[in-house]
Amino acid sequence: MRHTLSIIVADEPGELSRIVGLFSARGFNIETISVGESLDPRWSRVTIVTPGDERTIQQIVKQCERLARVREVHDITTRPHIEREMALITVSAKAGDERQEVLSLVSVFRAKVVDISHTQLIVEASGNKEKVDTFIELLRPIGVTDITRTGHIAINRLSARADANAA
Amino acid sequence: MIAQQEIEKRVATSTAPEEEMPTGAEMLIRALVHEGVDTIFGYPGGAVLHIYDELWRARDRITHYLVRHEQGAVHMAEGYARATGRAGVVLVTSGPGATNAVTGIANAYMDSTPIVVITGQVPKHLIGTDAFQEVDTVGITRPCVKHNYLVREARDLPAIVREAFHLARSGRPGPVVIDIPKDVSAERANYSRLDHVSFPFSTQLASVEQNLTLEAVRQIVDAKRPVLYVGGGIVNSGAVDSLLSFAELLRLPVTPTLMGLGGFPSSHSLCLGMLGMHGTYAANMAVAESDLLVALGVRFDDRVTGRLATFAPHARVIHVDIDPANIGKNVTPTLALTGDVKQVLNQFLSILQPQSKERLESWWDQIRRWQLSQPLRFSGSQNQIKPQTVIRELHRLTNGEALITTDVGQHQMWVAQFYPFTRPRQLITSGGLGTMGFGLPAAMGAQLALADQLVVAVVGDGGFQMTNQELATAVQYDLPVKVLIMNNGYLGMVRQWQEMFYDRTYSEVDISVAPDFVKLAEAYGAAGFRAERPAELRDVMEAALAHKGVAVVDVVVEKEENVFPMVPAGADARNMITGR
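Order-wise, the sequence lines are chains A and B.
Residue numbering for the first sequence follows our numbering, beginning at 1038 and increasing consecutively.
Residue numbering for the second sequence follows our numbering, beginning at 4 and increasing consecutively.
For the record, the hints were derived by calculation from the structure and aren't laboratory data.
Hints should not be assumed to be uniformly reliable.
[To be verified] Chain B regions said to be covered by chain A (calculated; three or more residues, Cβ under 8 Å):
id, segment
1, 141–150
2, 328–339
[Claimed, not checked] Simulated restraints, written as ranges between beta carbons of each label pair:
id, chain 1, residue 1, chain 2, residue 2, range
3, A, ASP1077, B, PRO99, 38 to 46 Å
4, B, ALA572, A, LYS1149, 42 to 50 Å
5, B, HIS317, A, GLY1058, 13 to 21 Å
6, B, SER376, A, ARG1116, 53 to 61 Å
7, A, ARG1079, B, PRO518, 45 to 53 Å
8, B, HIS128, A, ASP1077, 52 to 60 Å
9, B, PRO126, A, GLY1058, 23 to 31 Å
10, B, ALA162, A, ARG1116, 48 to 56 Å
11, B, GLY241, A, GLU1109, 27 to 35 Å
12, A, ASP1077, B, THR313, 35 to 43 Å
13, B, GLY142, A, ARG1039, 48 to 56 Å
14, A, LYS1149, B, PRO126, 23 to 31 Å
All C-beta atoms in this analysis are idealised placements derived from N, C-alpha and C, irrespective of residue type, glycine included.
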């Protein structure tokens, strides 16, 4: 099963390579990785999507927690959560039917056209992995010439019930 | 960012004139003294010249031991640390100085030894330019340290040194590297003495929950065929007395790992001897047939477990370890207690009721049958010295009280089998990494920490030649270690595997072209001894051990002796090979 790990690590030089190095040294896989500032700018949030059974994931979490500059590691997947990834896709489509087909897919997937020329478009799509995958698959027959994807970011859902209890 | 610069400007203008501020090198020395450091093993070079200059001025407070190769420095620091429980300190230069130290750092990482290694680095403005003697030390050492630092500003040094020692010593101990660019060691800054630093990054280990200890004790008391499997964690946590009380109270069989030897007295009637690939038949059978394995301060290394699927197949497993990542890594326990093993054992003891002195009688009957059917044994010889005899003789001549260090290989296993260790920190061996050349420098580090202790490095003729240049260091500082070479002219353990698993194809294991070790010792200013025949062994060893200074004994042993019993790598312990 794929798990999404959220790792809060000090925003210091070299800390990301410590995490990535740990994964490769211990034979864990990284499907996607994305890094950015967290609520407190002294700490970065690293989001890693990794496949593995329960035991492997537990081991990854514990190994990451051993790193001196890692403050916390959460397996986002264990609770309700929202995942998003963004993709920029270059599609070859001349004016006419091809371009209309792209535009209708863009509309269905709530994507955006961010650049256009006589022969090509760049579209921006976001959503969970399955949505972005499907969007790209549907564009492929028209002529996808380049793809760049951010990898997942994720956050746990708010719990209305917990809020009510707190109040 | 702007606010930060503003603060820095104000701090800079409000302090004393620049001349009165210490350099990075001075700050480093002060911070080391503050940590209680009085001993450093090292080797100078361009990038650490400022530090060595300062070290010379501080020589009344810190004694520096000049080694002959940086690997030796780290092994000495490890010997020092493992003999005393204090953190060992190493100082080496950039580039090759740092890379030569890596083997020692990796060794300390695998064997959980607290050491702090300070490496020089090229000046900051040259980093990344492939400068002379530049290497990415932080990158190279990253996978084999608990943490490492590239110091960017001298004013950070006191806090970094403080945290480095804290990390090295706390939790599961291990090595920490501090990489200091040359300009940082020259730069002047304010020294902030840090008496009460809190470490925002380190988490406090909570004590184990009461219901878990209660459940563990219930399972242990109820077990019909329990075994205690104890490792280096017992030694690191100082749990020896607690373990002894606990095992005696419940009459539990105890089997130590290689790293656990001495953590429970080998001569004790409850001790089954070492577990694992070259462990005793009784220990391996007891674990294989046990219904409860209590794993204390261990990590289920493959040299212990063999094939995981058939390891202790009938047993529930209670695993106690300070490192959460060790729990569930190789074997999933039925009960996991993450914590300091001494505290956990004391919690066990506090809730245990007095027990019957005859408990587990049928289990012990079975164990005694295994012990009698396959004791550790070897065949004697009239003409050649048997390596096992050498260890037995060493044990007799030293009244079992010597501190022993070893390299890696057959001699190491014979030491583990035939020298019964009775106190913690009595055996200092390269367990996890298996580093040839560890024995001599480790013995020297232990010797300088414990001046009155007889320290013997038992080494092979292969490993000895990897670090034998440290004899010069031993002579220079009058560290009167005794080096016992088990000389069989082979890389013995590799030869044994080739004999047993590769149809006796002895591929590249003949090292019989070697220096005359007696002359080599003498060339270094040490005393050399040699024993070639069984009849002269005792006298030669007695003379060497009685020698006041550094002594090397070349013992020519039977060339093709094998270590038995043996569980082949990845095999089921019950299929152990007990002899040729």
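Q: If any of the earlier hints don't hold here, list their numbers in rising order.
A: Hints 4, 5, 7, 8, 10, 12, 13, 14 not satisfied by this model.
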